[in-house]
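Chemist: Residues per chain, in single letters:
Number of protein chains: 2
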Amino acid sequence: MIIDGLGDRPIDELGGLTPLEAANTPCFDLLARTGITGLMDPLSPGIRVGTDVGHLALFGYNPLKVYWGRGPIEAVGVGIDLNPGDVALRCNFATVDENLIVLDRRAGRIRHTEALAAVLDGMPLENGINAIFKPATEHRAVLVLSGPRLSADITNSDPGPTNEGQPVQEVKPKRSGQPLAEKTAQLVNQFVRKSYEKLRNHDVNRERMGKGLLPANIVITRGAGMAVKMRSLTERFDIKGCCITGESTVAGIAIMSGFKVLTNEKLTANIDTDLDEKARLTVEGLKEADFVVTHIKGADLTAHDNKPREKLAFIEQMDRMLQKVIDSLDNPQDVYIAVTGDHSTPCAIREHSADPVPVLIHGDGVLVDDVRSFGERACAHGGLTRIRANDFLLSLLDLMGVTYRFGS
Amino acid sequence: MIIDGLGDRPIDELGGLTPLEAANTPCFDLLARTGITGLMDPLSPGIRVGTDVGHLALFGYNPLKVYWGRGPIEAVGVGIDLNPGDVALRCNFATVDENLIVLDRRAGRIRHTEALAAVLDGMPLENGINAIFKPATEHRAVLVLSGPRLSADITNSDPGPTNEGQPVQEVKPKRSGQPLAEKTAQLVNQFVRKSYEKLRNHDVNRERMGKGLLPANIVITRGAGMAVKMRSLTERFDIKGCCITGESTVAGIAIMSGFKVLTNEKLTANIDTDLDEKARLTVEGLKEADFVVTHIKGADLTAHDNKPREKLAFIEQMDRMLQKVIDSLDNPQDVYIAVTGDHSTPCAIREHSADPVPVLIHGDGVLVDDVRSFGERACAHGGLTRIRANDFLLSLLDLMGVTYRFGS
Chain W
1442 MIIDGLGDRP IDELGGLTPL EAANTPCFDL LARTGITGLM DPLSPGIRVG TDVGHLALFG
1502 YNPLKVYWGR GPIEAVGVGI DLNPGDVALR CNFATVDENL IVLDRRAGRI RHTEALAAVL
1562 DGMPLENGIN AIFKPATEHR AVLVLSGPRL SADITNSDPG PTNEGQPVQE VKPKRSGQPL
1622 AEKTAQLVNQ FVRKSYEKLR NHDVNRERMG KGLLPANIVI TRGAGMAVKM RSLTERFDIK
1682 GCCITGESTV AGIAIMSGFK VLTNEKLTAN IDTDLDEKAR LTVEGLKEAD FVVTHIKGAD
1742 LTAHDNKPRE KLAFIEQMDR MLQKVIDSLD NPQDVYIAVT GDHSTPCAIR EHSADPVPVL
1802 IHGDGVLVDD VRSFGERACA HGGLTRIRAN DFLLSLLDLM GVTYRFGS
Chain L
1442 MIIDGLGDRP IDELGGLTPL EAANTPCFDL LARTGITGLM DPLSPGIRVG TDVGHLALFG
1502 YNPLKVYWGR GPIEAVGVGI DLNPGDVALR CNFATVDENL IVLDRRAGRI RHTEALAAVL
1562 DGMPLENGIN AIFKPATEHR AVLVLSGPRL SADITNSDPG PTNEGQPVQE VKPKRSGQPL
1622 AEKTAQLVNQ FVRKSYEKLR NHDVNRERMG KGLLPANIVI TRGAGMAVKM RSLTERFDIK
1682 GCCITGESTV AGIAIMSGFK VLTNEKLTAN IDTDLDEKAR LTVEGLKEAD FVVTHIKGAD
1742 LTAHDNKPRE KLAFIEQMDR MLQKVIDSLD NPQDVYIAVT GDHSTPCAIR EHSADPVPVL
1802 IHGDGVLVDD VRSFGERACA HGGLTRIRAN DFLLSLLDLM GVTYRFGS
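Those protein sequences? They're chains W and L, same order as listed.
Per the working numbering, residue 1442 is the first one in the first sequence, and the count goes up by one each step.
Per the working numbering, residue 1442 is the first one in the second sequence, and the count goes up by one each step.
What the hints contain is simulated information worked out from the structure, not anything from laboratory work.
Be aware that a few hints might be false.
For identical chains, the list gives no copy identity; a pair is met inside one copy or between any two copies.
[Unchecked claim] With a straight-line cut-off of 30 angstroms between C-alpha atoms, the simulated DSSO-like cross-links for lysine-lysine are: (1) K1707 to K1748; (2) K1615 to K1681; (3) K1681 to K1635.
Bear in mind that the values here come from a model prediction, so they are computed numbers and not experimental data.
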């Protein structure tokens, strides 16, 4: 169970406790009391990570070696099969005027962009390359350029969230003297220009304008990244994996890792997500997979909004959800349960921090320690001491008995 | 003192304690109480290691960079002086029929193979290469091919322990398109064929068959590895080292490290080993060396057999043995004593695991912590916290005052 943004810092209105420490979490506490606990650094102490990097580490990748950028992760998340060397970019449907000044980076937060995306997918560009273009959640989409000799070292056409009113930017190589980046930038510029030509008079946009809604009349790009070959968790170990998440980045990393993703529209990746449905899918996942990751986004969002009481309440909901999962298991004694987060998000700073997150592992054979509750400070005394996300994952797999001996 | 396979997991019949926790170990406990303790990962958390890799790390090597495979370690252990680029293979004297079907991979567990080995050592092969062949313990031996442009990336001629009744396998490159591996495989195949020709009618075998014993009429190979150049512990630090062990792998690593090995037939690398003799040799070693490693195999073997009470009893014997060593020292206050294991071997899984092992260091100047006994869970609260085998070794050497300052 990965609780996004779990870790926090002492909060005055919670009596100097963190939301997790102040929350009433009988399930987590029982697991901590009868399991082994510790503190986990996503990468290493003092390194603040994003949800993408935190999850890469928890899924067994070394982000320092293989960080693709968000584009390729999102591309995998929407079902595109990437080859090493492909360049993928995150995109927004946006609204521009006739001078390509960006009026709204999200085209009025348009949803259901399938018909618009369809006229862009497969668009022929230069050098015999066709654009691969797929819609993602809400106004988001993904562009992939597949071919030899590309580079992801290019700037964004999206002027960025603080720069509405600026024109769509020309994509350029990030540094001079990079012919591959020059070529790739030209392909992206070509795509952006053609997207305007194909979308401006699209029926969907005529209809939106008729209703007084902003048209999604262009696609703007950011976050280019190149797909690299990495050995996935399911290639390294003989396990069947399953991930329950409503979040496209986490879904992308899970798919890259060879995991099946169970999701549906009830999982919103927000605090209104359906935790009963998440519990149900977790139990379903455990029936067919050896290793099930259930990701819950809400705690992170409440912390970004500096709402410690909402974070506390959401953590209590997750505690009840996990108890429900355990109560539904036919053979709880055969299941290892681990709870942690992908990073800390202290409410007070409304931002991810490098504080380590508490972690617990419960199951057969663990060296039960003296820790009596699940919290940032309690777990600092745990038997796992302080470990890194990769090491935590391997320790869990080792308890499960699926690791290999190095040496003889 | 390296207790092979020391670490374990909670065991019901020991009241939920580990063998080390349940054992009566007044010497270890006093050293823990008046020393500094911690948990040690052989490589890093979650990585399960073999005895070879665990000892490489404890002798200061980085196994991720320099793991030779078992062949070269065993070759050094039997006294062969390897050059970088040499390929070494572990061998068994075996019994085959006239169709080279393996009837017994150990030739009836033959001992004293010196006369048989003598007719194979120096055998001329192709390309001007002569086989170097030396007997090891019981039915085991080592083959070294010394020359330029060889490769260890080859398969085994030994069909393996679960495949008796299969023919001797043809050695091949592990992957296609490897001309050096192709050439090396041919040399090994040639050696194996010739070994049959030279051994089948050897006097020793005629005599064995006369007694109804299986003839050692062929040599089969496995575990090819290439010698690489590594800076040894005694090259990195100005120390004189000595190792007391009955185990050929540990002896090989100690010799590679520039240590003198003290051993004799009373050290069996089994639970019947003579611990009094081991204590005597340890005291003898301390008279001439700065750094003495005493390795004891028995605990690991009892754990592989899932015999927790035997493991406990053996640990108690080791505790008494260490007390005997301390009592024999003229100047115990001038000696640092460290106790740990090369890896954990939980009885319940009868196999090495990645669980960290407890470690203690006793001696002048250590920051004595609050830990009152030597055990897996007690040491999780120790002042060394959780460290890696390489780091533990360097910390011990630093206390001894033989390390160098990095920087000025």
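Chemist: Evaluate each hint against the coordinates.
Modeler: Hint-by-hint comparison with the structure:
no.	hint	result
1	K1707 to K1748	within (23 angstroms within a copy, 51 angstroms between copies)
2	K1615 to K1681	between (40 angstroms within a copy, 27 angstroms between copies)
3	K1681 to K1635	neither (42 angstroms within a copy, 47 angstroms between copies)
In summary, the one numbered hint that this structure violates is 3.
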